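This is what each chain is made of:
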Amino acid sequence: MSSRPREGRAEDQKHLTLAEKQKYIENYDFIHCDESSKYEKVAKIGQGTFGEVFKAREKKSNKKFVAMKKVLMDHEKEGFPITALREIRILQLLKHENVVNLIEICRTKATVANNHRSTFYLVFDFCEHDLAGLLSNINVKFSLGEIKKVMQQLLNGLYYIHSNKILHRDMKAANVLITKTGILKLADFGLARAFSVPKADSKNRYTNRVVTLWYRPPELLLGDRNYGPPVDMWGAGCIMAEMWTRSPIMQGGTEQQQLQYISQLCGSFTPEVWPGVEELDLYKTIELLKGHKRKVKERLRPYVKDEHGCDLLDKLLTLDPKKRIDADSALNHDFFWCDPMPCDLSKMLSQHLQSMFEYLAPRRTMKYQQQMNQIVKTQDNSLIDRVW
Amino acid sequence: MLKNVVDCQNMPSTSRLRTNYRKQSGDGICARYLFECSIKLSMKPLTSATAAILFHRFFKEVKASDYDEYLIAASCLYLAGKIKDEMIKIRDVINVTHNTLHRDSPPLELGDEYWSIRDAIVQAELLITRMLKYDLSIELPHKYLLYYLKSLKDWLGNETWETIPIAKSSAAYLQDFHHSPEILKFQPNEVAVCALSLALQTYGVQIPLTEEGDDSQLWYHVFCKDLTKERHWNIIECIMEVYNKDAELNAL
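Respectively, the protein sequence lines represent chains A and B.
By the numbering used here, the letter at position 285 of the first sequence is numbered 266, and the numbering carries on one by one without gaps.
If you want the numbering used here, it's the 1-based position in the second sequence plus 4.
It should be emphasised that the hints constitute simulated quantities derived from the structure, not laboratory data.
For clarity, every value in this text was computed on a predicted model and none was experimentally measured.
Yeah, the Cβ is synthetic: ideal placement off N, Cα and C, and Gly gets one too.
A portion of the hints provided could be inaccurate.
If you want the footprint, here are the derived chain B segments under chain A, 3+ residues with CB under 8 angstroms [what the hints assert, rightly or not]:
1) 120 to 126
2) 137 to 151
3) 154 to 160
4) 233 to 247
Far from chain B, some chain A residues (derived; all Cβ distances over 12 angstroms) [to be verified]:
5) Gly32
6) Lys58
7) Gly163
8) Gly248
9) Glu260
10) Asp287
11) Pro321
Some chain B residues flagged as far from chain A (calculated, every beta-carbon gap over 10 angstroms) [claimed, not checked]:
12) Asn99
13) Pro110
14) Leu112
15) Arg134
16) Glu166
17) Tyr207
18) Phe227
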């Protein structure tokens, strides 16, 4: 390694004029990071706090489609966002049929137009559908076997990421992608992180401000910071119920309200059903519903009908994270091993040629939301301030 | 034992002399700078080792004379903090790296110089990540060493363990080896075995029931079965070379 004194190098650089420097930067060929212009944007397919997602065509093959997720760098005085770094490292680690595949990371050319600041994109294999989009389309009908296939793949994906010590932390229907051949892919690892199994003497202190509110498990809502894979299993339960109800089952407007809906469906939070709940930060400070009985099965049975399905839902939507079923046991549940067996989705999907992303789909209708009203209908009128 | 390992952060190889990084040159000078700054930033050994690996890997890709190594070092420290979830404030990185380069200068005012250094660090970070193909999952040798030490502890017996600082010195050799770009040539488990082997030899500790001259039953084959005797010695020489280089820098 040569190392001349710093002053010497500074001298060298002065020989380049500003224009020459800019030209150098513009034309610098990053051999490990291609220009995003190798793809041609076709449509915008997503928009969220994380930034924008585009569908794009690879120019070279002209056939291969990809999804390009823009790395949000605006106002980024802190450099490469730590969340994007995490997402990249996690995606590089995870290679599985049921996890979205990161192809590469691309950049735009640094030019005068962008003040010599490149934009970066994560480039993924393109998936035609997302589950939220499919569920919001009344023409898309899932048979019981097809629902089983969706859930089996979802749990397979979760089993894989949890075995690799990764938490997804943003399970929701919109983050579950499905290809036109019916392969399910867990997507959006923007909130994901590695976890360690907590030891008795050193508890983890992760942020509990994760997971979209409607899919957020009770332990996070109560301020738990030492959580683990069960947070994703709760989300899997919410998604599973949604396969029949076609709309998120608990749409709280605030964290407090979300807790109420959970209590109304899963019963009140008590140390009897959930030993240790009394030690969570917000257990004492937040007003919790008392005296509610657990009625997961009876509320969901009208939709789900299948008894094994109801039982698995009951085990996924368990309040106590320690008792909540894990991905491995869920995959062994009778639901997946009784007739009708899980069956291929490609035939059903082939009837729906247009890509269905939640972003593109019409907003979920009032009708569904009224349906939802019935599921979480409260008996304690004093606490209702629901806004639909 | 864990305590011993952690303690090694307090025994960096940098000397008591204050290096004048703007005057001095020589092999390893910038790695020394990186570690000096990492200690001032109270970074954990795993984070500073990550920064050093990033630094060496970057300069494996490019010509050192094309870049300001001190800027790249600062940026590697900042990036390593993000990678190891031990986020350090960029302001701290700037203050520490600037002050280490310009000894006794007051902290930078929030002016043009501050903002251009800040921008340079951030831009260098984007450059480094691209140069390394976003392959930022760095496997460090530390976890292997910890595991090997744990396995050997009972075998060596309490008395040896408590009277001879094997854990502490092997951890120090391991960490110090990160000063050298040579570390990139070896697997993390090999590096861990050799740091441990060097510590055992330093104190003349023999692993029970092994013979010095018997190549068929080398103790480290349990941990690292493909490591040949030649490669083992080669790595140990590379580790020791770090201290030779360090002495050379001090002599300048």
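Notebook entry, point to check: Among all the numbered hints in the text so far, which are the ones the structure does not match?
Noted result: Numbers 3, 4, 6, 15 - these are the hints that the structure violates, sorted from lowest upward.
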